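Listed below, chain by chain, are the residues.
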Amino acid sequence: MRGYFIIMESQEKNPIIRMFNVQKNYGTQKSLDDITLDVFRNEMVLVTGPSGAGKTTLLKLLYLAEPLTKGQIIVDGLNLSRIERKKIPVLRRKFGIVFQEYKLIQTKTVFDNVALVLEVKGEKEKGIQKKVQSVLRTVDLEHKQKAYPPSLSGGEQQRVAFARAIVGNPKIILADEPTGSLDPDSADTVISLFIEAHRRGATVIIASHDKLLVEKTGGRVIHIVKGQKVQGCEE
Amino acid sequence: MKSYIKRALKDMRENAFLNAIAVLTTALAVLMISGLTLIWSNLNNWVDMTKNDVRIMAYLKTGVTDAQRNEATADIQGLEGVKTIKFISRSQAMDKLKSQLRHQASLLEGLKENPLPDALEIELKQDREKLAQVQTIADRIKQMQAVEDVEFGQQWMERFMGIFGLIQLAGMIMGGIFLIAAGLIVGNTIRLTLFSRQEEIEIMRLVGANEMYIKTPFYIEGAIQGCIGSFLGLGGIYAAYTYVSWNINSGLATGFLQIRFLSTELLAIIICASMGVGLTGCAISLKQYFRK
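Chains A and B, in that order, give the protein sequences. Quick note, the first sequence lines up with residues 1 to 235 if you use the numbering used here. Quick note, the second sequence lines up with residues 236 to 527 if you use the numbering used here.
Looking at chain B on its own, in the form it has when it is part of the complex:
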């Protein structure tokens, strides 16, 4: 095996340009695929979180008395599927907004009075995930006298899920195309190497080399190209992730959005898949070459 690896590395050095192109294409494919996977996995996490977090915000009318508010709270508590109700005063809402805005909190300093209304945060039971049921509860709350307006995430969630599905499909198609392209380019690199060494391979065969002796270094080459390409691609996506998450942490979106990098399992899958693509491209070229 040691001599096969040595031969593969020697071949890679001798055909450095071709190998660099194959590695770069693989890196680009991995960059594209892992980028989409990163977006997809974060959106997925976020959708799951939002799905489980079934809440309705009921904004109260200005000037609602404590008695009216307590009455509305009791009425809402009586509705089927309601878990808890929390009163959020307008001053609490302002404090929360200020803490979320962090550095930009000074924007709110110019306000003469707090424009935010008092609100009731209604948490629903987890089994109430169906949009229609959430909608029914929200409609009944909205009809209550003390309530000005009602807001809940599920309204736009349905639309978002449609778009999310499209992003997912587009990502899969593009990722697939890039993977195939990477496989073809690795395969072509091996094919060009094979043709440039046609005479040498012929001599090897004439002195009794079996196919394993000739083919193994090429397989190793394909796997190495896939492996280096995946590390480069993942390195690129990690750099992009670090940059974006640093910007999010220091910017406006703090608290609203938290992105996570790819899990170890996903990283392992991407590296293995990339090596697999290198090996497949190599296998196709070798099969075509040795069919002659």
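Isolated chain A (complex conformation):
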């Protein structure tokens, strides 16, 4: 038993994400500048800062929605500066992503939206059925599995997005302003879902300027201002 705990401890200290002097430019404008940062396994990290600070850009660099300009990022052993194009899907499957604007497919049902993550991995239909049902139960949307996103409220859509993010049991969950457009009750529900996912072992990185989220999750805060001055990062 002791040996087991030793292994767990060493895994926890092992960074799952490493960023070295990362810079991201849009044209001549620097969005992120010289960011060095480690995120450890099973860590809860909150990236905060005012609008336009570069929080979303930082998340986008991690799953290669945007290429970085300078520096290096290593995600679970994959060096993003040298990653082959065909390996990008492999990288993205390490993440469960909750996008700011939900990004649900409007022509697919709630069930199909969530099942998509498992389908792209090539999982069998039986397994997909079971996992999706279970995760929809977790987010309390089992009764809406046949509904289409346009018929759902903002909070419900956010929960579908969360269900899609966790259904593949990813190592890392990324969320961009997950409570930004929700009423206080819905926001509470979503926050508790992130806390539960973290408790179950996922590394969670949330970009938000919602102080309530910071208070309730109690994670490490990384503060970014104008993409240049960063607090909470390694010196």
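If you're looking for bench data, these hints aren't it; they were derived computationally from the structure. Check the hints yourself; a few may be wrong.
Said to hold, decoys possible - For each label pair, taking beta carbons as the anchor points, the in silico distance ranges come out as:
no., chain 1, residue 1, chain 2, residue 2, range
1, B, Thr451, A, Gln133, 22 to 32 angstroms
2, B, Ile408, A, Gln133, 54 to 64 angstroms
3, B, Gly411, A, Gly154, 24 to 34 angstroms
4, A, Gln72, B, Ile408, 55 to 65 angstroms
5, B, Arg248, A, Leu78, 50 to 60 angstroms
6, A, Gly127, B, Gln433, 21 to 31 angstroms
7, B, Gln403, A, Gly127, 57 to 67 angstroms
8, B, Gln433, A, Glu142, 23 to 33 angstroms
9, A, Val90, B, Thr451, 38 to 48 angstroms
10, B, Glu437, A, Glu142, 20 to 30 angstroms
11, B, Leu501, A, Gly127, 19 to 29 angstroms
Stated by the list, open to error - Subject to a maximum C-alpha distance of 27 angstroms in a straight line, what follows is the list of computed DSS-like cross-link-like pairs (lysine-lysine):
no., chain 1, residue 1, chain 2, residue 2
12, B, Lys347, B, Lys296
13, B, Lys241, A, Lys146
14, B, Lys347, A, Lys131
15, A, Lys126, B, Lys237
16, B, Lys237, A, Lys130
What the hints assert, rightly or not - Some, not all, of what chain A presents toward chain B, calculated at C-beta under 8 angstroms:
no., residue
17, Ala65
18, Pro67
19, Lys70
20, Ile74
21, Arg92
22, Ile97
23, Lys103
24, Ile105
Bear in mind that the values here come from a model prediction, so they are computed numbers and not experimental data. Here a beta-carbon is modelled for each residue, glycine too, at the ideal position from N, C-alpha and C.
Model the placement of chain B on the given structure of chain A, informed by the hints.
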């Protein structure tokens, strides 16, 4: 694979109008190409048959005696390259004409006397295919006293071969243009579908879908469009073939012309080519879309 086919069929249902246009264009291209192929293959068969059937008809003068006819037959038999000679009397020629005309044979009933001459049907050896040699034999037969006139197919065959070559070339060019058009339209259908589903594809990529997962249903869609289009086109040409051959069988041309439908091999080639065109159009659109 099952899920890819399901997705492809679902996409086709959701974009029924675009798919119908692609299928119809493919069907038209196949109709055009298979129609030309049908004409070309039948003409080719007929030309081959005619080429092998090297015959000269020598029409005898009126009042030629049996002795004169036998003398002419012996002279012709002595010519190099002549295989067999068959005498066809004027009454035999009339019977043959009546049987060929079938329902229209009554037209001949009004004739007071048989206007057809006695004739010698001269079959040449198969190796004598060169027009010049046939011409030489025909000229020598024509000079014989008992012979009034000489007729042989090769005279117009040379001219026909020239026209046939032109038809063949025009057919190939038009078929090619139609194939390219079909490929472009299938490609554009896929492109429009891709653009209408841009957001969905983006989300698929963000949740870790690889290119094979995204592209395969589109390839299946292209192949299905090509396949359905080819069946429709071939169905159309078969209907036209049935109609034309029914008319030929019941009409004047009986015995002169017999048309055959496309062989199984040709049908398989047309179906595969049509699916290939669908796949190529699809591949071009996908390549352009994913280059972004």
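Against the structure, the hints:
Distance hint for B:Thr451 and A:Gln133: a CB-CB separation of about 27 angstroms, consistent with the stated range 22 to 32 angstroms. Between B:Ile408 and A:Gln133, the C-beta spacing of about 60 angstroms keeps the proposed range 54 to 64 angstroms intact. A hinted range of 24 to 34 angstroms is violated for the C-beta pair B:Gly411 and A:Gly154, which are about 56 angstroms apart. Remark: the range hint 55 to 65 angstroms for A:Gln72 to B:Ile408 is upheld by a beta-carbon distance near 58 angstroms.
Our hint of 50 to 60 angstroms for B:Arg248 and A:Leu78 is violated, since their Cβ atoms are close to 39 angstroms apart. Restraint check, A:Gly127 to B:Gln433: a C-beta distance of roughly 30 angstroms satisfies the suggested window 21 to 31 angstroms. Against the hinted window of 57 to 67 angstroms, the Cβ-Cβ separation of B:Gln403 and A:Gly127 comes to about 58 angstroms, which satisfies the hint. Between B:Gln433 and A:Glu142 the beta carbons are some 31 angstroms apart, a value that agrees with the proposed interval 23 to 33 angstroms.
The beta-carbon spacing between A:Val90 and B:Thr451, approximately 18 angstroms, falls outside the hinted interval of 38 to 48 angstroms. A hinted range of 20 to 30 angstroms holds for the C-beta pair B:Glu437 and A:Glu142, which are about 28 angstroms apart. For the pair B:Leu501 and A:Gly127, the supplied restraint of 19 to 29 angstroms is violated, since their beta-carbon distance comes to about 47 angstroms. Distance check on the hinted pair: B:Lys347 and B:Lys296 sit about 20 angstroms apart at the alpha-carbon level, within 27 angstroms; holds.
For the suggested pair B:Lys241 and A:Lys146, the alpha carbons sit about 18 angstroms apart, so the restraint of at most 27 angstroms is met. For a cut-off of 27 angstroms, the pair hint linking B:Lys347 to A:Lys131 is broken: about 97 angstroms separates their Cα positions. A hinted pair counts as satisfied when its Cα atoms are at most 27 angstroms apart, and A:Lys126 with B:Lys237 qualifies at roughly 14 angstroms. This hinted pair checks out: B:Lys237 and A:Lys130 have alpha carbons roughly 19 angstroms apart, not beyond 27 angstroms.
Against a cut-off of 8 angstroms between C-beta atoms, the interface hint on A:Ala65 holds, since the closest Cβ of chain B lies about 7 angstroms away. With its C-beta approaching chain B no nearer than about 14 angstroms, A:Pro67 sits outside the 8 angstroms limit, and its interface hint is violated. Below 8 angstroms, beta-carbon pairs count as interface contacts, and A:Lys70 has none with chain B, the closest being about 24 angstroms; its hint is therefore violated. A distance limit of 8 angstroms between C-beta atoms decides the matter here; for A:Ile74 the minimum to chain B is near 19 angstroms, and the interface restraint is violated.
Here the hint on A:Arg92 is kept, as its CB sits about 4 angstroms from the closest CB of chain B, short of 8 angstroms. A cut of 8 angstroms between beta carbons decides the hint on A:Ile97: the least distance to chain B is about 6 angstroms, and the hint holds. The restraint placing A:Lys103 at the interface with chain B holds, with a minimum CB-CB distance near 5 angstroms, inside the 8 angstroms limit. The beta carbon of A:Ile105 is positioned within 8 angstroms of a beta carbon in chain B (closest approach about 5 angstroms), and the interface hint is therefore held.
The structure fails to meet hints 3, 5, 9, 11, 14, 18, 19 and 20 from the earlier list, while all remaining hints are met.
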